[in-house]
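In order, the protein sequence lines correspond to chains A and B.
Per our numbering, the first sequence starts with residue 1, numbered consecutively.
Per our numbering, the second sequence starts with residue 1, numbered consecutively.
Treat the hints as calculated values from the structure; they're not laboratory data.
Hints may contain errors.
A pair counts as met if it fits within one copy or between any two copies, since identical chains are not told apart.
[Claimed, not checked] Below, in silico cross-link-like pairs of lysine to aspartate or glutamate (EDC-like), each with a Cα-Cα straight-line distance of 16 Å or less: (1) Lys100 to Glu137; (2) Lys204 to Asp228; (3) Lys307 to Glu288; (4) Lys192 to Asp16; (5) Lys104 to Glu137.
2 protein chains.
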Amino acid sequence: MLTSIIHLQIQPEDSDNAVPSDALGEQQSSSGRPLVGLATRLDNRVLDLIAPLNHAIFELHGGVQKLFREFLEQNNFHPINTPKLLGAPSEGGANVFEVKYFEKKGYLAQSPQIYKQMLIASHFERVYEIGDVFRAENSNTSRHLTEYTSLDLEMEFQFDYFEVLYFIRDLMLYILHGLQTRYKEQTEYARKRYPAEPFQIPAKPEDVPILDFADGVKLLAEAGIQLDEKDDINSTQEKQLGEIVKKKYGTDFYILKEYPLDVRAFYSMPSTTPGKSRSYDFMLRGQEVLSGAQRIHNHALLRSEMKRRGLDPDGPGLKEVRYSPYKNFSRFRFTNVPGVCRIFSIRLSAACRGRFWLRADRLQLARAPKCATGKLLPTRSRQVDALKRLKAVEDGVSK
Amino acid sequence: MLTSIIHLQIQPEDSDNAVPSDALGEQQSSSGRPLVGLATRLDNRVLDLIAPLNHAIFELHGGVQKLFREFLEQNNFHPINTPKLLGAPSEGGANVFEVKYFEKKGYLAQSPQIYKQMLIASHFERVYEIGDVFRAENSNTSRHLTEYTSLDLEMEFQFDYFEVLYFIRDLMLYILHGLQTRYKEQTEYARKRYPAEPFQIPAKPEDVPILDFADGVKLLAEAGIQLDEKDDINSTQEKQLGEIVKKKYGTDFYILKEYPLDVRAFYSMPSTTPGKSRSYDFMLRGQEVLSGAQRIHNHALLRSEMKRRGLDPDGPGLKEVRYSPYKNFSRFRFTNVPGVCRIFSIRLSAACRGRFWLRADRLQLARAPKCATGKLLPTRSRQVDALKRLKAVEDGVSK
Numbered sequence: 001m002l003t004s005i006i007h008l009q010i011q012p013e014d015s016d017n018a019v020p021s022d023a024l025g026e027q028q029s030s031s032g033r034p035l036v037g038l039a040t041r042l043d044n045r046v047l048d049l050i051a052p053l054n055h056a057i058f059e060l061h062g063g064v065q066k067l068f069r070e071f072l073e074q075n076n077f078h079p080i081n082t083p084k085l086l087g088a089p090s091e092g093g094a095n096v097f098e099v100k101y102f103e104k105k106g107y108l109a110q111s112p113q114i115y116k117q118m119l120i121a122s123h124f125e126r127v128y129e130i131g132d133v134f135r136a137e138n139s140n141t142s143r144h145l146t147e148y149t150s151l152d153l154e155m156e157f158q159f160d161y162f163e164v165l166y167f168i169r170d171l172m173l174y175i176l177h178g179l180q181t182r183y184k185e186q187t188e189y190a191r192k193r194y195p196a197e198p199f200q201i202p203a204k205p206e207d208v209p210i211l212d213f214a215d216g217v218k219l220l221a222e223a224g225i226q227l228d229e230k231d232d233i234n235s236t237q238e239k240q241l242g243e244i245v246k247k248k249y250g251t252d253f254y255i256l257k258e259y260p261l262d263v264r265a266f267y268s269m270p271s272t273t274p275g276k277s278r279s280y281d282f283m284l285r286g287q288e289v290l291s292g293a294q295r296i297h298n299h300a301l302l303r304s305e306m307k308r309r310g311l312d313p314d315g316p317g318l319k320e321v322r323y324s325p326y327k328n329f330s331r332f333r334f335t336n337v338p339g340v341c342r343i344f345s346i347r348l349s350a351a352c353r354g355r356f357w358l359r360a361d362r363l364q365l366a367r368a369p370k371c372a373t374g375k376l377l378p379t380r381s382r383q384v385d386a387l388k389r390l391k392a393v394e395d396g397v398s399k
Numbered sequence: 001m002l003t004s005i006i007h008l009q010i011q012p013e014d015s016d017n018a019v020p021s022d023a024l025g026e027q028q029s030s031s032g033r034p035l036v037g038l039a040t041r042l043d044n045r046v047l048d049l050i051a052p053l054n055h056a057i058f059e060l061h062g063g064v065q066k067l068f069r070e071f072l073e074q075n076n077f078h079p080i081n082t083p084k085l086l087g088a089p090s091e092g093g094a095n096v097f098e099v100k101y102f103e104k105k106g107y108l109a110q111s112p113q114i115y116k117q118m119l120i121a122s123h124f125e126r127v128y129e130i131g132d133v134f135r136a137e138n139s140n141t142s143r144h145l146t147e148y149t150s151l152d153l154e155m156e157f158q159f160d161y162f163e164v165l166y167f168i169r170d171l172m173l174y175i176l177h178g179l180q181t182r183y184k185e186q187t188e189y190a191r192k193r194y195p196a197e198p199f200q201i202p203a204k205p206e207d208v209p210i211l212d213f214a215d216g217v218k219l220l221a222e223a224g225i226q227l228d229e230k231d232d233i234n235s236t237q238e239k240q241l242g243e244i245v246k247k248k249y250g251t252d253f254y255i256l257k258e259y260p261l262d263v264r265a266f267y268s269m270p271s272t273t274p275g276k277s278r279s280y281d282f283m284l285r286g287q288e289v290l291s292g293a294q295r296i297h298n299h300a301l302l303r304s305e306m307k308r309r310g311l312d313p314d315g316p317g318l319k320e321v322r323y324s325p326y327k328n329f330s331r332f333r334f335t336n337v338p339g340v341c342r343i344f345s346i347r348l349s350a351a352c353r354g355r356f357w358l359r360a361d362r363l364q365l366a367r368a369p370k371c372a373t374g375k376l377l378p379t380r381s382r383q384v385d386a387l388k389r390l391k392a393v394e395d396g397v398s399k
């Protein structure tokens, strides 16, 4: 029966180790049996995924979603599915994939943002989506993927954006604690292969530090790291601040709020403190994993804020604003056609929203490259995945 | 304050009625106030969605997904997220959207099928996905959408494809009963606007009729409707059979199995009864809502079955087979390289799979057009949705 020996490039045993540096990859081949690089592992993904390490990672990837959904559904969030084929880019012209849509052009959704807003304006109050988004970023790093699973939520609030901030804090704690308890085995297995210290997380929500951006700047200054209070912090400083906070408060998870207005997008709502915005970033191990802000809901304020920044509210390319559902609502405000009260209330409910998005792959293993974290076949700009890869393997075998 | 009266085309009150026939649409306008057609309602989707009818439909749409997930997670299914940007069409060349992928061409996923199979081959045993799929079908009917949310599962079985058939039957009953009890209010509200009789569903799984295709043909013949046992039944006959089954068994839900081999895809596993296949369709109100079959896992059998049907297994265009993970596995079978037992077991586990897919919009309201069922902005080939629509509205307002 043994008519031929097929040369196997990879065994599940090879895959039960961390993915090596992408740059090294196939270069390491030597001594007859190739040292298994990332490319080889992706070319043999079915074998690669048999490894217990990959099973653990996939279970964590699914676990984050399960915990996210659980918490939201306990809190009356409604699951939605928004369009992915759009007639115009959802976030301006950059980084968008173009689709041949019959005789027209279509675009792949970069975010469900506008749709979440529409549904809040339609009185849905609390919605969430777990869905794919697409980013045409030609960056072949371990942090970039051209498609990823986005965990999105949008909610009304009554009085203050803190309602949203507190809610998301509780949600994050629920997910992080859930991973530590219900996915303990998988977390520990993955941590053996991608060495990292155990996560320090406060037991109670009220123990999560919520710092003003200005306080963060002060903490950095005390450690000898100077930066202007009006500037944003860069990723090195973010990491340093993470270490300072961990020493001081004993936690890998904290929140930074009230960012300088000018470092956030023009539609961010100004804070009561001049020059600040109603915005927040959530930090894990010194890395931002989640970013949010209240939006300006007042059309006149939006226009004046744009002008202050040198943007033309009537100019082209500002699609996010042009297509804002608010714009039309403000036009309805002073009319007396029947139903105006209802429309006015739309405008109010649209006003009080909190937004939030989170990448499914960002929460699990802060130290592992994205391409190792729970994607069946991570799609980066270099390769269009899967079937192409299988084809390459087949062609290789046929030769 | 009342400087101008804006002409409002639509009020939430208008939207609390069934969507009128697409063909009538704006034609109905008369008497000053336009009669609100589908196009107007989609152009004013934020207002349209405030209507209680649309809230009920969205809750049912979400409810189907919740019930699907619940049952699967209780039964140890693992959630997955598969690529949507592919390097080759997932189901051959027809009906696929092409994407400009940097310097190359990409394609939008028509199905997660191949990925589900890969994961079963990687020993994941039971997986499911709720995700978007894309079909470039240029058909502007109330049944066609160019993107929809697909509920997919894939599972190993031990001995017989009946394990899968029974499992899916139980899942379907769980969803249908769940809609009747936990979403009673929404179901009744929707049924008032889209009149339909209450669904008749057996209380116990074992009471769901499972008929051989041949028995179905006999039942039709007894009612005077003749068709050849080797032909497939068409949608009119499907409907007639549904009525006969309802009269005989008192149920709107039944299963038809063992279809003629030649009316199913070439990769369908032949049954032990000559000329039949191990396949099944699930019927609701005389309409097929779910289709499944065991696949041929034996490479030699697959080739011979293709040749019998006049297909060239080595020819172009048969990508589904060319890219099948099984093909490579069968090559590994008789080698003695280390790890072969494992690979052999992959082949076996890959062999015993059941497949299943279901459109999220098919289950809720058998009588309502797709464009009314739970999509924020249904994407049909005529319009690329949403942002384009909003833009059109804005342009109209600005003029």
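Status of the hints after comparison with the structure:
1. Lys100 to Glu137: Classified as between: cross-chain Cα gap 13 Å, same-chain 19 Å, threshold 16 Å.
2. Lys204 to Asp228: neither (33 Å within a copy, 69 Å between copies)
3. Lys307 to Glu288: neither (29 Å within a copy, 57 Å between copies)
4. Lys192 to Asp16: Classified as within: same-chain Cα gap 10 Å, cross-chain 57 Å, threshold 16 Å.
5. Lys104 to Glu137: between (23 Å within a copy, 14 Å between copies)
Hint compliance for this structure: hints 2 and 3 are not met, and every other hint is.
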